[in-house]
Structure formats: C-alpha cells, structure tokens
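These protein sequence lines map, in sequence, to chains P and U. Count along the first sequence from 1, add 336, and you get the number used in our numbering. Count along the second sequence from 1, add 80, and you get the number used in our numbering.
FYI, nobody ran anything at the bench for these hints, they're computed from the structure. Hints should not be assumed to be uniformly reliable.
[Stated by the list, open to error] Quick list of in silico lysine-lysine cross-link-like pairs, DSBU-like style, CA-CA up to 30 Å:
1. 232/U x 625/P
2. 426/U x 499/P
3. 340/U x 261/U
4. 232/U x 499/P
5. 491/P x 261/U
6. 218/U x 499/P
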Amino acid sequence: MNHTVSAIKEKLRSFYKTDELAYASRKATSSSADLSRLGLQRINNEYGSLLVREKRFPLDFGHGGRALADFLLLSHKQFSYINKQDFSPSLLSEDFVFLDTETTGLAGGSGTYIFLAGCGYFTNDVFIVKQFLLTDHQNEYAFLYHVATLLKSFKGIISYNGKSYDVPLLKTRFILNRLAEDFERFIHIDLLHCSRRLWKKHLKECNLGNIEKKLLGFVRQDDIASADIPGKFVAYLQTGTVELLSPVYKHNCIDIMSMVSIAILAAAAFDCSQNEKIAAHTDKRSLFKVFMALQEYDAAFQLAEKSYEDNDVHLLLDYSYALKKRGNFDKAVKVWEHLIAQSSFIEPAYLELAKYFEHRECTFSKALDIIDRVQKRREILDELGVAGEMLGAEEWQHRKKRVLAKISCSEKKNSIGKTA
Amino acid sequence: MKLTLEQIIDRLRRNEAFMSCVTAWQEIPAKDPEYAEFPAQLDERLLTALHKHGIHKLYTHQAKAIDQALNKKDSVIVTPTASGKTLCYNIPILHSVIQTQESRALYLFPTKALAQDQVHELQRIIELFSETIPFSIKSYTFDGDTPVSARKAIKSSGHIVVTNPDMLHTGILPHHTQWVKLFENLHYVVIDEIHHYRGIFGSHVANVLRRLKRVCQFYGSRPTFICCSATIANPAELAEQLTGESVTLIDKSGAPHGKKHFIFYNPPVVNKELGIRRSYIKETQRIAADFVANDVQTIVFARSRMNVEILLTYLKDTMRRLGKPAIKIRGYRGGYLPLERREIEKGLRDGLIMGVVSTNALELGIDIGQLQISIIAGYPGTISSTLQQSGRAGRRQETSLSIFVSSSSPLDQYIVNNPHYFFEKSPESGIIDKDNLLALLSHIKCAAFELPFAADERFGSNFTGSSGLDSTQEILLYLEESGVLHRSGDKWHWMAETYPAESINLRSAAEENVVIIDKTKPQEKVIGEIDLFAAQLMVHDEAIYLHEGKQYYVDKLDWQRRQAYVHGVQVDHYTDAQLKSDLKVLEVFQSTDTENDFTRGYGEVVVTSVATMYKKVKFQTHENIGWGKIHLPELELHTMAFWYAFPPNIHQIMQLNKEELGDGLKGIAHLFKNIVPLFIMGDRNDIAVLPMVRSPFSEKPSVYIWEQYPGGIGLSKKLFHSFDNIIAAAHDALETCACSAGCPSCVGPQLEVGEKSKKVAQSLLQIMKSN
Numbered sequence: 337m338n339h340t341v342s343a344i345k346e347k348l349r350s351f352y353k354t355d356e357l358a359y360a361s362r363k364a365t366s367s368s369a370d371l372s373r374l375g376l377q378r379i380n381n382e383y384g385s386l387l388v389r390e391k392r393f394p395l396d397f398g399h400g401g402r403a404l405a406d407f408l409l410l411s412h413k414q415f416s417y418i419n420k421q422d423f424s425p426s427l428l429s430e431d432f433v434f435l436d437t438e439t440t441g442l443a444g445g446s447g448t449y450i451f452l453a454g455c456g457y458f459t460n461d462v463f464i465v466k467q468f469l470l471t472d473h474q475n476e477y478a479f480l481y482h483v484a485t486l487l488k489s490f491k492g493i494i495s496y497n498g499k500s501y502d503v504p505l506l507k508t509r510f511i512l513n514r515l516a517e518d519f520e521r522f523i524h525i526d527l528l529h530c531s532r533r534l535w536k537k538h539l540k541e542c543n544l545g546n547i548e549k550k551l552l553g554f555v556r557q558d559d560i561a562s563a564d565i566p567g568k569f570v571a572y573l574q575t576g577t578v579e580l581l582s583p584v585y586k587h588n589c590i591d592i593m594s595m596v597s598i599a600i601l602a603a604a605a606f607d608c609s610q611n612e613k614i615a616a617h618t619d620k621r622s623l624f625k626v627f628m629a630l631q632e633y634d635a636a637f638q639l640a641e642k643s644y645e646d647n648d649v650h651l652l653l654d655y656s657y658a659l660k661k662r663g664n665f666d667k668a669v670k671v672w673e674h675l676i677a678q679s680s681f682i683e684p685a686y687l688e689l690a691k692y693f694e695h696r697e698c699t700f701s702k703a704l705d706i707i708d709r710v711q712k713r714r715e716i717l718d719e720l721g722v723a724g725e726m727l728g729a730e731e732w733q734h735r736k737k738r739v740l741a742k743i744s745c746s747e748k749k750n751s752i753g754k755t756a
Numbered sequence: 081m082k083l084t085l086e087q088i089i090d091r092l093r094r095n096e097a098f099m100s101c102v103t104a105w106q107e108i109p110a111k112d113p114e115y116a117e118f119p120a121q122l123d124e125r126l127l128t129a130l131h132k133h134g135i136h137k138l139y140t141h142q143a144k145a146i147d148q149a150l151n152k153k154d155s156v157i158v159t160p161t162a163s164g165k166t167l168c169y170n171i172p173i174l175h176s177v178i179q180t181q182e183s184r185a186l187y188l189f190p191t192k193a194l195a196q197d198q199v200h201e202l203q204r205i206i207e208l209f210s211e212t213i214p215f216s217i218k219s220y221t222f223d224g225d226t227p228v229s230a231r232k233a234i235k236s237s238g239h240i241v242v243t244n245p246d247m248l249h250t251g252i253l254p255h256h257t258q259w260v261k262l263f264e265n266l267h268y269v270v271i272d273e274i275h276h277y278r279g280i281f282g283s284h285v286a287n288v289l290r291r292l293k294r295v296c297q298f299y300g301s302r303p304t305f306i307c308c309s310a311t312i313a314n315p316a317e318l319a320e321q322l323t324g325e326s327v328t329l330i331d332k333s334g335a336p337h338g339k340k341h342f343i344f345y346n347p348p349v350v351n352k353e354l355g356i357r358r359s360y361i362k363e364t365q366r367i368a369a370d371f372v373a374n375d376v377q378t379i380v381f382a383r384s385r386m387n388v389e390i391l392l393t394y395l396k397d398t399m400r401r402l403g404k405p406a407i408k409i410r411g412y413r414g415g416y417l418p419l420e421r422r423e424i425e426k427g428l429r430d431g432l433i434m435g436v437v438s439t440n441a442l443e444l445g446i447d448i449g450q451l452q453i454s455i456i457a458g459y460p461g462t463i464s465s466t467l468q469q470s471g472r473a474g475r476r477q478e479t480s481l482s483i484f485v486s487s488s489s490p491l492d493q494y495i496v497n498n499p500h501y502f503f504e505k506s507p508e509s510g511i512i513d514k515d516n517l518l519a520l521l522s523h524i525k526c527a528a529f530e531l532p533f534a535a536d537e538r539f540g541s542n543f544t545g546s547s548g549l550d551s552t553q554e555i556l557l558y559l560e561e562s563g564v565l566h567r568s569g570d571k572w573h574w575m576a577e578t579y580p581a582e583s584i585n586l587r588s589a590a591e592e593n594v595v596i597i598d599k600t601k602p603q604e605k606v607i608g609e610i611d612l613f614a615a616q617l618m619v620h621d622e623a624i625y626l627h628e629g630k631q632y633y634v635d636k637l638d639w640q641r642r643q644a645y646v647h648g649v650q651v652d653h654y655t656d657a658q659l660k661s662d663l664k665v666l667e668v669f670q671s672t673d674t675e676n677d678f679t680r681g682y683g684e685v686v687v688t689s690v691a692t693m694y695k696k697v698k699f700q701t702h703e704n705i706g707w708g709k710i711h712l713p714e715l716e717l718h719t720m721a722f723w724y725a726f727p728p729n730i731h732q733i734m735q736l737n738k739e740e741l742g743d744g745l746k747g748i749a750h751l752f753k754n755i756v757p758l759f760i761m762g763d764r765n766d767i768a769v770l771p772m773v774r775s776p777f778s779e780k781p782s783v784y785i786w787e788q789y790p791g792g793i794g795l796s797k798k799l800f801h802s803f804d805n806i807i808a809a810a811h812d813a814l815e816t817c818a819c820s821a822g823c824p825s826c827v828g829p830q831l832e833v834g835e836k837s838k839k840v841a842q843s844l845l846q847i848m849k850s851n
C-alpha cells in the first residue's frame, strides 16, 4: 500500500467531518503557588500523583437553613426512617461519608471516568469536604487508591442517586484498575430515594436543584450546568489550566453540603409536629408506610389519626387495612364511615364496610344498605361516564344476591323460631 | 387415497408434461450412519444423563468435535441440517461446567429466535442432571427483551449465556465490569450459523470478537471457540477470519440421511416470440398443492414477502376447493409477530401443519423438525442458500424431495439451464473484510471505550491490505487528534462523553419498524411489523397488505409515528408499488479519469429512494386494473458505488439516437444486476444498478452499481478492479442467448427495454471490451 499515514488520516477525516476537534496538545503545568492559591495540593503516592482540595466548615456553619451540627444529632432511629431500613443503635452520624462524583460523561459503561470524587465527613467538631482530582488518566490508580483509603474508615455512604450512578461507576473504575474494594459492605443511604418517597407527591421534581429551591430555600448562583462538566475536564486535560475546574469544585462542594441539609430535613419530616413547612410538603402516606415497615405502629397510627383533617384518602385506607389486620375493627369502621361520608366515591371503603357488616357483624340489612348506596352511586357515575377504576358491577350484584339470600334465610329462621 | 412420497415421485416421473420441463433430476444416495465412542475423559454424570436422554453413541463428527473442544482446540463444524450439531458444543461445555462450577460459556446466534430455541434445548438436557450434581446449571438468553430485573442474576450466575452479536456489542462488552464472573471464567465461545456472518455484518462481527478477546485477556481468560456453519466454500477460512485463530475443520458428517431427489424445473414457454414462460409462482402453487393435499409435509421457499403471501393465498384457495382445511397451510416471514412464529414452528414439528410458505427466514436453524419436500420458488441467489433450503427436507431414513422452480429472471434461467453449475461448482465463499477502514475505526473506538489501548497494542493481528493501514496506532493517533481519545502515559483513553457502541449498527437493514395495526374491530390489534424500506412499498396509503393470506386495506400510513392502520377486506387484487431511485456522487475515491473516454470509478454516493405510485394487479390473471399515487418522504442511503461512463458522444460514434442508447444501457444494467452477484460472491440484493443516459455528475451516459449497505462494504472497489471480467461475462451471456431481440434471460423482456436493446447492448459491450 502506497498510502501515507497523512493520506489515511485525510480519508478518515472525510468520513467523520463532525468529529473534528483539533486542539493544541501542549500542556502547561501549574506551579505549586498556583495550586495553593486555588486551595489545591498535589499529593504523590507510590502509584502517581493527584490533586486534593480540602475545605473545613465549623459545625455552626449554616447551609439551606440548617446548621451542620444538626446532622450529628441524628439518631440511628432517624437514619432508619430516612432509609426505610432498620439500623443498629451503634450507628453514628460520624460513620457516614457523603459521596458525590463528577464524571467524563453520563452514558455509563467502562469508558466513563470519574475525575472528581468529593467526600464529606465529620471529624473532631468540623465538617471536612475533601475533593480528589484525577490529573490525568495514567494517574487513575493513584487517584482511586486515595479515594479507597478514605472510604475505608467509614461504615456508610450517603449519596444523591449514588445507588444507580456513583457507586456502580466507582466499582467499575476499581475493577478496571484491579483495586479491591467490597462496596457491598457499606450501608448506603441514597437520599434521592428518600426524597422521592417523602416529597415527590408535592414537589413533582426531586432533583437536587428543586429540593434546594423548594425546601432548603436557596437557588445556586453561577452554578455550572451538569452537561458542561465533562467539557471542563477535557479542557483541563488539553491545557493543563486547573482554574478551569473551579466551577466544578464549587458545584461538587455545594452538592455535598446540600446532602447534609437534606438528610437533616428528611429526619425532621418524620416528626411533623416540629416543622410545619416541611410537614406541608411531605407525603404523610409515605411516612405511614415507613413507620409500618419499621414496625413502629404507635407512630404510624398516631400519624394516621391526625390525618383525618387532611383527608388523605389513600393514607386513611392504608390505615384502615392495618387496623383491620390487627383486629381493631372499631377504629377501622370509624375510618370507613368517615370515608363514605365524603362527596367523592371511595368504593374500597364501601366494600370494606359491606364485608364487615355481612361477615363480621352479621347485620345483613346494614350490608344491603351499603350495597344499595354503591349501586346508586355507580349508576350516576356511569351515566356521567366518569366511572374510573372500579370493581365489576357483577361483583356487587353477586354480593347483593348473597346478602339477600342470607336475609331471607335468617327471616325464615326467625319465623320458624316464632312458630315453634 | 393418499399417496406416499415414493408414489408421488414415481407419478412425477411418469408425467410427461412435468418431465418435459425438468432440466435435471439428481439422485443423492442414502448414507448409513457412522458412529464413534464417547471421548474417554467425559464426566460419568454427563454420560448417564445423555443415556437417559436416549443418546447412547455419537456420530463420528460429534466425537471429533467434542474431542477438539475438550482439548481446547478451536474448531469449525460444517455438517448438514439435523446432523446433531448442537451436541458438538453442548456436550463439552456441560462437561466443563459439571467439573468446574465456575466455568462459563457464551453462545452467539444471529437472531433472538435461535437463541431462545437453544436455551429450550439446553434446559431439556440440564434437567437430566438435576439429581446427579450438587448445583444447578443455569442457562439464560440475554438480549434486548431480557427484563431488567433478571439481568443481575444472569450476569453473576449464568453458566451459559446465550445472546446475539448485537447485544454483545452494545450491551455486554461496554459494561464488562458487570460481567466479571463471566469473563474471568470464560472457557468456551460458541458461534453458530457463521455463514450468516458475511459481508459487512460479518466484518463487524469479526471486530466485535476482537473486542471480546481483548476483554477476556484483561480478565485472564482464553476461551476456546467452537463455530458451526452451513455448507459454504470456505468455512475454515471464514471461522479463522471471524475468530482470528486457526481452527480445525470438521466437515465429514457421520449422520445418516435418506435418499434425496433434487429436481430442476423450468416452467414451460407460453410465448416463444417474447420469451415468456408460465409464471413460476403459479407453477409452484400447482406442484405444492398436490403434495400438501396428499398430506406430505412440504415447505415452499419464496424470494420475497410479497411472494410468500401470494403463494399462500393461492394455496389456501386450492385447499378450500379440494375440501381440505386451509389452516394446514401457513405463511412464515419477517413481519409476523414472535408468538405467531412460535406457534407455526410447533405446528410443523407436531405435524399439525402440512405446508408452510416461507421467506429465507426458515433457512436458519430454527427447529421445525425435518419435512419431506422442499420447493424453492425462484433461485435464492446463492448455492449455499439453495442447499440450506433444500436441506429442510430429509428425515433420517426416509426419501426426500427438493424441487427448484425457476423464475424467468436471467440468473434463474442460467442456473436451471446449466444444472452442472449448481451440482458441480462449490458453494459460495463467506467473504468478510474485517480490516475495512470504517469497520476498524468504529470498533477501535468501542474497544478504547472498553479498555484503554496500550501504546504498542495491536487490535487483532496485523491488518490486511484493505484498510491501507500498517498499524493500530495510526487510527489511535487519528482519534486522539479528533479529541475522542486522550493519550496519557503509555495508554490511550476514551475521552468523549458518548457511548460509541450505540451509534454503530452491525447490520445493514433499517432497524426502525412500522407497526401494522388492524382496526377491523373496535379492539385494535397489532398484526405485524415491517422495516421502513419495505413499509414504503407494502403499507403505503391505499395498499392492499397481505398477511397470513388475509387481505387488509391500508387506511393510513402514519410515517412520523411509524404506524400503519389497516382493516380487513376481500378484493380480487393486490397492489404492487414502484420505487424511484436517484443517485448523487459525493466523493470520487479512484477513477480512470480521461476526458471523452471510457471511464470507470468508484466512490461515496447518496441514493434516495421513494415510492411514487402503485399498480393494482388482479389475482390469477396478473392483469393491471388500476393505479394510484404514493406520497411519502424519500429514504436516503449513504453508500459506495462503482460507475462506468461512456464518452458523451457515444451515440454519434455508434450511430444511435438517444432513445436507442437508453434502451441499450437499460439492457446492460439488467445483465449486470444478474451477473455481478456471481463475481462478488454476494446476493443480488447486495447491489442495485441504475442506467443513466446523461449522468448529472459526469454528464456522460453511465451505469451505476451501488451497494445496498449504509457506508458500503468494499464491493465497489472490488468491481473497480475486476470489471473486465464482468464485461466479458456479460458479453458472453448475450452472445449465447438464443432469443431474437431480448428476453428476460438477457437484457430483459423486449416490451420493457425496447426492440433494439439487445443489439445496442451487444455493441456497447463489444466496445467496452476493447476499451
């Protein structure tokens, strides 16, 4: 072949005109004076080098209307609520590290690199945000080695969407670098899951920005857009200008600080009496479910009793089923009767009452009355064409037949009794 | 009274009208089985299970294949359909898993349906071990249909993962860190139906396998490759090209087969003047109906989806006339939903379905049992496909029959009149060009995404000439310069934000489908799916769409939403859409450019195609009873083309008027379309030919031959370098054709290409030969 390399490159270029991104590849290396001005420090270990930025915050530092110290007051119980998972009383706030990574792309897979790993943790009455920066791909081992070393001293990770993003990616990077770390050993609190449970119903969007705006009460100024982050790292690699990454550091640091505040807020949400603003945004039914899952029935029932005024139909139904399961029919009937007194047609409540009167109390006429009411309401709804999800009409008809049969049977019995 | 197959064959032989159309009647003698012992090292528990399964001895080829696999030798197995080829790999792999619980295997099949078939088969064998080994052997399919909830378990605990090359390419390799268990312990890779991996698809698959080997190396495994192929000329070469390893060829089958009759049938001429023969579709129908009516299980292969439906309609009608249940005959083609296909496959195996009309979709190893007769309506384009289709008939000990019914196309006529070409010539080669520059570039990107490239690393072995490259580094440097890779230390790392595998499609066909929705009843029902290129021809507004022999009228094709709304109708016609193509040259790669001379060249082109109108064609008589316009956007194909251009004044030189020149060019194009596939070892559908009296590009009379694959696969370049042979062959074909002024076998039917076409084409070819 008489093609020269440049001719081939020419050919390749003609196929992929859009990929063009020629750049000057000579790198400037930042001096240590430059670095320290940016709060950065170069660390060399036996595997290579990396940059580290450490910021310390006093415990009374406020972010999003919360003091950092509030996190240290959280009990194992509150962590259990946040994560809908039972934790042992030995679990302490200091056992957690907040983790947030910045990556070269959002696609995932083995070609996506982590170039910035931010870790936040409490120690000796300060909150430290330590950010590790990958200076170049060949230093990835050195970079990950440092991250791994830091993670070793913690029992748990707190993240925002880390279960499906940061941690799997970190795992991938560890495997590719043949670094051993058992990520399964960590307790992992993914605050995104918690936020969705508590606030999705009212806030709709549970991304960090929206939570900050609606619940923490601030909007970031001059924050870099997530989509622009990979490009900053590329630019840094190409030019060696570490300043280019300043907005990324800042962004990552705020992410971590906000996670602390969100954890505090989430814990507070479980004690509605404490904070009315949070209470207004929180899905009570989710709280109820968490309490139930953790077998905290008193808390669950107290919450439910208070929710009559909110008229949260689904919560009240859940509550009534829980009562029924525990044989507390008096209270359950009270709930159902409350629900059928509503203007909207809550069919499950009618059904429960019909069952209760027929099978439990054996007051068939009451059961029949309920069934008649249902059939009337359904007729109206059918006519209006707004009969959403409902039980089949046949089912109610069937029920009616059976109740009628029972009524006539007991009347017969009664009359036999009289004649005898 | 029903006839047996022997009686039917006997009757055919005594039928003079039938025999007068037979150009060849080949009898392939029966063959006795050849057995061999199980290799001594096989695990006792496996042997016990196999005995329970009714397998007491092996055929010789199985024993050899198993032995090779147990000794970690890469191999390729080429044996006929139904010769027990799956045991060749299932036995050594199960042995390996039984002995080492961590052992893993990866199976690759070209389609999802075949993968599912294979897992069912495996599960049947695995169940036999359930008591004898302390753990359960797990085999799973992993493809686009695998639910997310099941994926985690498959990744960590699937012993045998059955997938397709596309999924390996986009779903597994780029996420190899989630498959650590598989890659660390990958002992075997099975690649079945490798004859399917030819042309551009094969070139891509070869590169996917280069990536697979690279990932295995990272995890310290070196799997043994077991390939299987249908009969092709060069199975070992193809397997070596694909796997990059030297392989042992196992092609001597020990399996028995009954006697086989292979008949070539050329429908009678009904108009000598015009060279018109009886419709091969109707002849096929007539022949097949007789077999099915006698309850002899028959498969009919048709060349297009349309022909499948027309044949099916005719056959069902005939059955009804004979008072037989029409449900015994079914259609089978792309566009039927998976469940419907499974039902048909099962019906064939159970003997409930007596006849099936299929496209080449059933050529692949989908398990439908062995039938008694296969009828091939129209030459499938290659000897290899013809053998595959014929191989669908033939039970172990019984006689079987294959009939090739020739159409009037020039290629078919050549084959049917020259049976020795088919019976004596070896089947086609599977040719791939894995160092095709575009394929290389695509997969080096994917590979760099998966693992960084070392500075001295080679992607596969040394490149062959076709890429024009000497080393991997040239491409890496190029990718670095374009900002896709970043060099750090002694390695190149992926630096782009994208996920490269996503934008690289291994297959040529348009992946996007149009869904066909039946609105006959208030409850809408999806009856099928069809790719974009076929959609513009088959489900345009007002088309009559045939599905399972039922007619549907297309009320609306919603192109944007990729949905076609149809309702059932009963009319006496079907529709046939016309495609209009246009071509624009984007870049000339090489050309013998001389002014006013005979020029040939090749390069990058864009071909636009659009369905413009349709004809209504009456069933049975095939007469044209109306037409309508189609309004659809153009579809674009970026590809490579070869062109041949004449001097602008050629008509003056040859004393022709423009119209005569046009007819001559049409004639040449018709010839090329049919002759070129023989030379490029491809399918007639791999290329398209367009004659132009004045090409807008060169302003000369030209013939363009373009590749029907996005990006092209290097056929144009091949044509550029070997076009003299094609000119000579076309010239010979024309000289030896007995018709007076053009027939379907040479330049095309007179009515279509004009009276003088043959004469002009002849002199054009003469002048091409001497230039």
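Here's how the hints hold up against the structure:
1. With a C-alpha separation of about 28 Å, the suggested pairing of residue 232/U with residue 625/P holds against the 30 Å cut-off.
2. Of the pairs offered as hints, the one joining residue 426/U and residue 499/P is violated, with about 44 Å between alpha carbons and a cut-off of 30 Å exceeded.
3. Using a Cα cut-off of 30 Å, the hinted pair residue 340/U and residue 261/U is violated, with the two alpha carbons roughly 48 Å apart.
4. For the hint pairing residue 232/U with residue 499/P, the CA-to-CA distance comes to about 14 Å; that is within 30 Å, so the pair holds.
5. Under the criterion of a C-alpha separation no larger than 30 Å, the hint pairing residue 491/P with residue 261/U is consistent with the structure, at around 26 Å.
6. Taking the CA atoms of residue 218/U and residue 499/P, the gap is near 28 Å; set against the 30 Å cutoff, the hint holds.
The structure is inconsistent with the numbered hints 2 and 3, although it conforms to all the rest.
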